[in-house]
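Visitor: Sequence:
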Amino acid sequence: MATAESPRVADPGEPQRDKRMSLGQHLVELRKRLMFAALALVVGMVVAFFITDWVIYLITEPLRQIAATEGETAKVELMFSTVTGAFDLRLRMSFAIGILISAPIWLWQIWAFIMPGLTRKEIKYTVGFIGAAVPLFFAGCWVGLLVMPHIVELMAGFVPDGGASFFEAGYYYDFVFKLLIVVGISFVLPVFLVALNLAGVMSGKAILKGWRVAVLIAVVFSALATPAADVVSMLMLAGMLVVLFFAAAALSMLFDRRRAKQSAAILASEGIQ
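Each residue of the sequence shown is one higher than the one before, counting from 497 in our numbering.
Calculated from the structure, these hints are not laboratory results. Warning: the hint list may mix true and false statements.
Here are the in silico distance ranges between beta carbons for each label pair [unchecked claim]:
| hint | residue 1 | residue 2 | range |
| --- | --- | --- | --- |
| 1 | Gly520 | Phe546 | 38 to 48 Å |
| 2 | Ser577 | Arg755 | 26 to 36 Å |
| 3 | Val727 | Phe673 | 23 to 33 Å |
| 4 | Trp638 | Phe688 | 34 to 44 Å |
| 5 | Phe546 | Leu642 | 19 to 29 Å |
| 6 | Gly735 | Lys674 | 30 to 40 Å |
| 7 | Val727 | Val524 | 48 to 58 Å |
| 8 | Ala719 | Ser759 | 57 to 67 Å |
| 9 | Gly627 | Leu523 | 38 to 48 Å |
| 10 | Val697 | His646 | 47 to 57 Å |
| 11 | His646 | Val524 | 47 to 57 Å |
List of simulated lysine to aspartate or glutamate pairs, EDC-like, C-alpha gap at most 20 Å [said to hold, decoys possible]:
| hint | residue 1 | residue 2 |
| --- | --- | --- |
| 12 | Lys620 | Glu525 |
| 13 | Lys674 | Asp752 |
| 14 | Lys701 | Asp752 |
| 15 | Lys617 | Asp752 |
| 16 | Lys674 | Glu649 |
| 17 | Lys674 | Glu664 |
| 18 | Lys705 | Asp752 |
| 19 | Lys674 | Asp584 |
Even for Gly, the Cβ is constructed at its ideal location relative to N, Cα and C.
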């Protein structure tokens, strides 16, 4: 007498897709994903090109504040030293902003390409990592945007009486862009610590044990990212990084405790049997 087979329980260690793909099929799939990602980037750059005026106005706000503070005789201006300098700057800004605008699409294309080969457990960890890293990165960029005016104003304060400040547009943009990127990435580093803990590389206690080194690195990094004379910005940035480090250590210890309880429950059940 035939009996209905019980449904097979999905193994978290099994890949999402059982179907094997040849190298040619992988290359075709990769080409399709890259074409969609490139198209999204181009559309994002076109949209970004029309909002570069607003972005330039935003990042040059410190220059207008300096000019207003110094009075009508102050010379604080953004300078383009070449004929095509303004157009080149807008292209560079369009590319950077276009990457951010099109990020949901090209990130999805990357995810859709690698997801079939991941196990369910790896997918869960990856989603959690992205869900924490993306907001932290933009939070870091926002903090960098808050710190940036203080840095510009402080450095402009060293211009001697009778001097004029002419900021080369390309250099000024590079300074702001690199500051935002560096501070944004620094906010994501605690997520890597949690990822190492989930991978079993470092325990929560091991992460917490290195708090002295972490504080020292945060202070040194903040001192390098901000001018030496701007102590307030340095302390604010260092304090945020230290708080994120301790939050990562606490979360890792919580994960360690949960895994320990699960292991104890498994051992207890095997002992009963």
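Visitor: A separate judgement is required for each hint: does it hold in the structure or not?
Guide: Hint check results:
no.: 1; hint: Gly520 to Phe546: 38 to 48 Å; result: holds (41 Å)
no.: 2; hint: Ser577 to Arg755: 26 to 36 Å; result: violated (58 Å)
no.: 3; hint: Val727 to Phe673: 23 to 33 Å; result: holds (24 Å)
no.: 4; hint: Trp638 to Phe688: 34 to 44 Å; result: violated (20 Å)
no.: 5; hint: Phe546 to Leu642: 19 to 29 Å; result: holds (26 Å)
no.: 6; hint: Gly735 to Lys674: 30 to 40 Å; result: violated (22 Å)
no.: 7; hint: Val727 to Val524: 48 to 58 Å; result: holds (57 Å)
no.: 8; hint: Ala719 to Ser759: 57 to 67 Å; result: violated (43 Å)
no.: 9; hint: Gly627 to Leu523: 38 to 48 Å; result: violated (30 Å)
no.: 10; hint: Val697 to His646: 47 to 57 Å; result: violated (38 Å)
no.: 11; hint: His646 to Val524: 47 to 57 Å; result: holds (51 Å)
no.: 12; hint: Lys620 to Glu525; result: violated (23 Å)
no.: 13; hint: Lys674 to Asp752; result: violated (36 Å)
no.: 14; hint: Lys701 to Asp752; result: holds (9 Å)
no.: 15; hint: Lys617 to Asp752; result: holds (17 Å)
no.: 16; hint: Lys674 to Glu649; result: holds (18 Å)
no.: 17; hint: Lys674 to Glu664; result: holds (16 Å)
no.: 18; hint: Lys705 to Asp752; result: holds (15 Å)
no.: 19; hint: Lys674 to Asp584; result: holds (17 Å)
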